[in-house]
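Visitor: Just so you know, the protein sequences line up as chains A and B, in that order.
Just so it is clear: in the first sequence, position 104 is 104 by the UniProt record's numbering, and no numbers are missing.
Just so it is clear: in the second sequence, position 227 is 227 by the UniProt record's numbering, and no numbers are missing.
If you are wondering where the hints come from, they were derived from the structure by calculation, not from laboratory data.
Be careful, since some hints might not be right.
[Stated by the list, open to error] Restricting the straight-line Cα-Cα distance to at most 25 Å, the calculated cross-link-like pairs of lysine to any residue (SDA-like) are:
1. LYS195/A to GLY52/B
2. LYS162/A to ARG20/B
3. LYS162/A to GLU570/B
4. LYS162/A to LYS358/B
5. LYS377/B to PRO65/A
6. LYS377/B to GLU42/A
7. LYS195/A to VAL53/B
[Stated by the list, open to error] Some but not every residue of chain A turned toward chain B, in silico, with C-beta under 8 Å:
8. GLY45
9. THR51
10. ASN55
11. PRO65
12. LEU82
13. LEU90
14. GLU93
15. GLY161
16. ASN163
17. GLY168
18. ARG170
19. GLY171
[Said to hold, decoys possible] Now the in silico label distances, taken between C-beta atoms and shown as ranges:
20. LYS463/B to ASN55/A: 30 to 38 Å
21. PHE5/A to VAL174/B: 38 to 46 Å
22. LEU220/A to ARG3/B: 31 to 39 Å
Even glycine gets a Cβ: it sits at the ideal position worked out from N, Cα and C.
Chain by chain, the residues:
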Amino acid sequence: MTKPFLQIDGKPIPYTAGQTIMEAATAAGIYIPHLCHNPEFEPHGSCKLCTVKVNGRNCSACTFPAADGQDVLNDTAELNELRRTVTQLLFVEGNHLCPSCEKSGNCQLQAAAYFLGMVDAHFPFFYPARELDGSHPDILLDRDRCIFCELCVRASRDVDGKNVFAIGGRGIDSRLIVNSPSGKLADTPIAATDKAARVCPVGAILVKRRGFEVPIGERLYDRHTLAEESLEREEPIVESRHD
Amino acid sequence: MDRDENERRIVAGIVENHGRDAHRLLSMLREVQRELRHVSPTAQQTVAETLGVCVTRVRAVVEFYSFLSAAPLGKFDIRISDSITDHMLGSRDIAAYLCDALAIRPGDIRPDGRVSMAFTSCTGLCEQGPAGLVNGYAIPRLTRERVDRIVELVNHDTPLSDWPEALFAVEDNVRLKDRLLANPVKPGASLERVLAQGRETIFEEIETSQLRGRGGAGFNTAWKWRFCYEGPEEVAVCPPGQPAAQAERYVVCNADEGEPGTFKDRVLLQSHADQVFEGMTVCAYLVGARQGFLYLRGEYLYLHQRLEGVLAERRRQGLLGEGILGRKGFDFDIEIRLGAGAYICGEESALIESLEGKRGVPRNRPPYPVTHGYLGKPTVVNNVETFFAAAAITLHGGEWFASVGTEKSKGTKLLSICGDCSRPGIYEYPFGVTISRILDDCGADDTLGVQIGGPSGMFISDKEFGRKLAFEDLATGGSFIVFDRTRDVLEIARNFTHFFAHESCGFCTPCRVGTALLKNLLDKIGDGHGAAGDLAELSRLGRFVRSTSHCGLGQTAANPILSTLERYPELYQKRLKTIDFEPGFDLDGALAIARRLSGRDDENAHLTQT
Chain A
1 MTKPFLQIDG KPIPYTAGQT IMEAATAAGI YIPHLCHNPE FEPHGSCKLC
51 TVKVNGRNCS ACTFPAADGQ DVLNDTAELN ELRRTVTQLL FVEGNHLCPS
101 CEKSGNCQLQ AAAYFLGMVD AHFPFFYPAR ELDGSHPDIL LDRDRCIFCE
151 LCVRASRDVD GKNVFAIGGR GIDSRLIVNS PSGKLADTPI AATDKAARVC
201 PVGAILVKRR GFEVPIGERL YDRHTLAEES LEREEPIVES RHD
Chain B
1 MDRDENERRI VAGIVENHGR DAHRLLSMLR EVQRELRHVS PTAQQTVAET
51 LGVCVTRVRA VVEFYSFLSA APLGKFDIRI SDSITDHMLG SRDIAAYLCD
101 ALAIRPGDIR PDGRVSMAFT SCTGLCEQGP AGLVNGYAIP RLTRERVDRI
151 VELVNHDTPL SDWPEALFAV EDNVRLKDRL LANPVKPGAS LERVLAQGRE
201 TIFEEIETSQ LRGRGGAGFN TAWKWRFCYE GPEEVAVCPP GQPAAQAERY
251 VVCNADEGEP GTFKDRVLLQ SHADQVFEGM TVCAYLVGAR QGFLYLRGEY
301 LYLHQRLEGV LAERRRQGLL GEGILGRKGF DFDIEIRLGA GAYICGEESA
351 LIESLEGKRG VPRNRPPYPV THGYLGKPTV VNNVETFFAA AAITLHGGEW
401 FASVGTEKSK GTKLLSICGD CSRPGIYEYP FGVTISRILD DCGADDTLGV
451 QIGGPSGMFI SDKEFGRKLA FEDLATGGSF IVFDRTRDVL EIARNFTHFF
501 AHESCGFCTP CRVGTALLKN LLDKIGDGHG AAGDLAELSR LGRFVRSTSH
551 CGLGQTAANP ILSTLERYPE LYQKRLKTID FEPGFDLDGA LAIARRLSGR
601 DDENAHLTQT
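Work out the full structure, taking the sequences as your base and the hints as a guide.
Guide: Below, the structure written as structure tokens:
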């Protein structure tokens, strides 16, 4: 029996039933930029960096089911421009202090900006002043660096079984909230070894006393582009899920 | 007993009364808010503990819905509608007058705790504005005299139940009836026909009618109901002729009429609720549902008791409950659930999330609610007017309905007409009616343009009045706002853009950040600080938000800007400065903090921006 196929940028890509476009692409070694997606977790579809054109319509590759005969556009000037804009929006929404951030060099938002050729923020900054939580002995929570990918929410709920995080507020006033009577991280059971403490793709949740461990030039995204790093990490996960 | 302990006891009682059902979280929190004037952190903790859910789940819901508050509100909480139609009727002046009289500022609670005041999105009283809410109950036609009366009642601490009924009288203002409004269905008449003719015949009638959803998107109603009946492949259990018993199915009536300028569902629920519930019950019979919900927007709280009364009467008549009209196995009942001030809950998947007691964040689609809806089960979600029409089609037949209208838009459409016209109200027209005919009928002259379908629809100019209302040309959920030549197009776009930024749920990046940026940029231009580059930016950003957002809110949020920018570029141009670039910040304003800190306010402490 022949496998069903879809096309990405004109190239036929096989997929298995139940896969999303993102999964099919990753399994085939094709990189679709993304931030809120991580194949270890249920797809979320919020950041919209993975927007692709499916038969002429914009869709999120991480949630949209793969189907026979789909004509998917991914690596086009138009889509990359759009993704650059999404990245700029995320930068101006928060306070992203790349040069002094402990996550610098290992940050997916920063790496996405490099990958997409973002040279400035373009839009006026919002300079939010959301509450910073340094209460936990081992973990720092800087809400102004949060991009609302909810990976920590999913990791704490689905992997750690602790439900430490959620999103509160609405619209531009959204913010990460913490599950304890005081609302402080120190009063939750989160530990530095938890998945939720390590899954943050940006510098919003940081394990303390680990900053600047790796010299500039040797950090993750100094050595690899976001595309290389993503595929290397995610391909085996997708493969093992859909054997 | 100390205050905290007392509060905990009240809150736990409310949770118990709801059977500790976490799906009813929003209803519980509404009650807590009503009893205690806020949902305090202690109350949130108590709800969470009693329900056995995380406190974040509760806190997130409290923070999402505008009518819930973690900080105390006044004993009388007054909210003035900020819809464009209320603005046009002088709401901002009335609000200022009210604030003066109460000695309060918008967003504040008076130090004595008696009263708080704020603005709210459209209250759906657009043709009898300026309107407001007091503790959630609607008060239309605010005049200085009526405000004086309210202030007096507040200052005398008169309980809301003792306020004069006349203050709360909401009119129907039905101006033009066509086949639906002129032929109301007698309670039970459609159901008798369903039972006499059987499922397939009625399915065929609805198919023949070619009824499309009246919420705006216009999906074919018969198909939607058929998909729900058949269910998703993995639970396809009901071949024709056999009861669809195995999988639960739900019928949801979307009465979250939040689109500014729309109020026809309010009138249907106020005066034709029986027929709406009849339509839901017909649907339930066809798809095999036993449970229905009316999701009523919080702004229509005043209708709640009345609607409960209609439901009780229908149960008494055997039109709801077990064995409807004596037919064994035909069991269906309807529960009313109230929203709490979130426009996004009009989006069907966000509405379902809200029904499940969560934040109203639209789901990823596919799968669609019709196969994976409430609690993941097949669910029909239709607008109030759709069920209202379906009941009539069931009784009078599909042909009766489809004989008017256009090729792709059969039947009639209810319009809510407001703005600059002498006869605002409800009008029923066959699809295909021209804009100029409507303007003549409602008494509009010297019209500059019309907003069709509310902020998420389109602004059309006076050069387009020959266009038709129909899915082929101008689709609409029913909002029709008339603007005459005294109105400022930019201010209209600005009001709508603020509305969307306020109502964005915040889930996806383009809408969360994009609508806020659009708002700021339009404010910059409106305040006279715009430069040529800002117009190009406005249009580029608008198109970006439209094409990349997660749901309909974001996909339409830029429409007011894009449709006015396209039609009236000169009006935007006129507002611009002649230089190429103007910074988005106010240099002198930025020094205000420094001036305050240093206690200086002399000439040298100011900077002029060039």
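Visitor: Hint by hint, note whether the structure agrees.
Guide: Going down the list of hints, with the structure as the test:
Pair hint LYS195/A plus GLY52/B holds up; C-alpha atoms about 24 Å apart against a cutoff of 25 Å. Restraint check for LYS162/A and ARG20/B: the C-alpha separation of about 22 Å stays at or below 25 Å, so the hint holds. Of the supplied pair hints, the one linking LYS162/A and GLU570/B is violated, its CA atoms being roughly 57 Å apart against a limit of 25 Å. Taking the CA atoms of LYS162/A and LYS358/B, the gap is near 19 Å; set against the 25 Å cutoff, the hint holds.
Taking the CA atoms of LYS377/B and PRO65/A, the gap is near 20 Å; set against the 25 Å cutoff, the hint holds. Of the supplied pair hints, the one linking LYS377/B and GLU42/A holds, its CA atoms being roughly 20 Å apart against a limit of 25 Å. In summary, the hint linking LYS195/A to VAL53/B is supported, as the alpha carbons are separated by about 21 Å, within the 25 Å threshold. Below 8 Å, beta-carbon pairs count as interface contacts, and GLY45/A has one with chain B at about 5 Å; its hint therefore holds.
Here the hint on THR51/A is kept, as its CB sits about 6 Å from the closest CB of chain B, short of 8 Å. At its closest, the beta carbon of ASN55/A sits 14 Å from a beta carbon of chain B; the interface hint therefore is violated under the 8 Å criterion. Residue-level restraint check for PRO65/A holds (minimum Cβ-Cβ distance to chain B is 6 Å; threshold 8 Å). Hint on LEU82/A holds. Least Cβ distance to chain B is approximately 6 Å, under the 8 Å limit.
The interface hint given for LEU90/A is met, as the beta carbon of that residue sits about 6 Å from the closest beta carbon of chain B, less than 8 Å. Hint status for GLU93/A relative to chain B: holds, with the closest Cβ pair at about 5 Å, below 8 Å. Residue-level restraint check for GLY161/A is violated (minimum Cβ-Cβ distance to chain B is 12 Å; threshold 8 Å). For the restraint placing ASN163/A at the interface with chain B, the shortest Cβ-Cβ distance is roughly 5 Å, inside the 8 Å limit, so the hint holds.
Evaluation of the GLY168/A hint against chain B yields a held restraint, the C-beta minimum of about 4 Å falling below 8 Å. Below 8 Å, beta-carbon pairs count as interface contacts, and ARG170/A has one with chain B at about 5 Å; its hint therefore holds. Look at GLY171/A: its Cβ gets to within about 4 Å of chain B, closer than 8 Å, so that hint holds up. In this structure the hint that LYS463/B and ASN55/A lie 30 to 38 Å apart at CB holds, the actual value being about 35 Å.
At roughly 57 Å, the beta carbons of PHE5/A and VAL174/B sit outside the given window of 38 to 46 Å. Distance hint check for LEU220/A and ARG3/B: the Cβ-Cβ separation is about 53 Å, which falls outside the suggested range of 31 to 39 Å.
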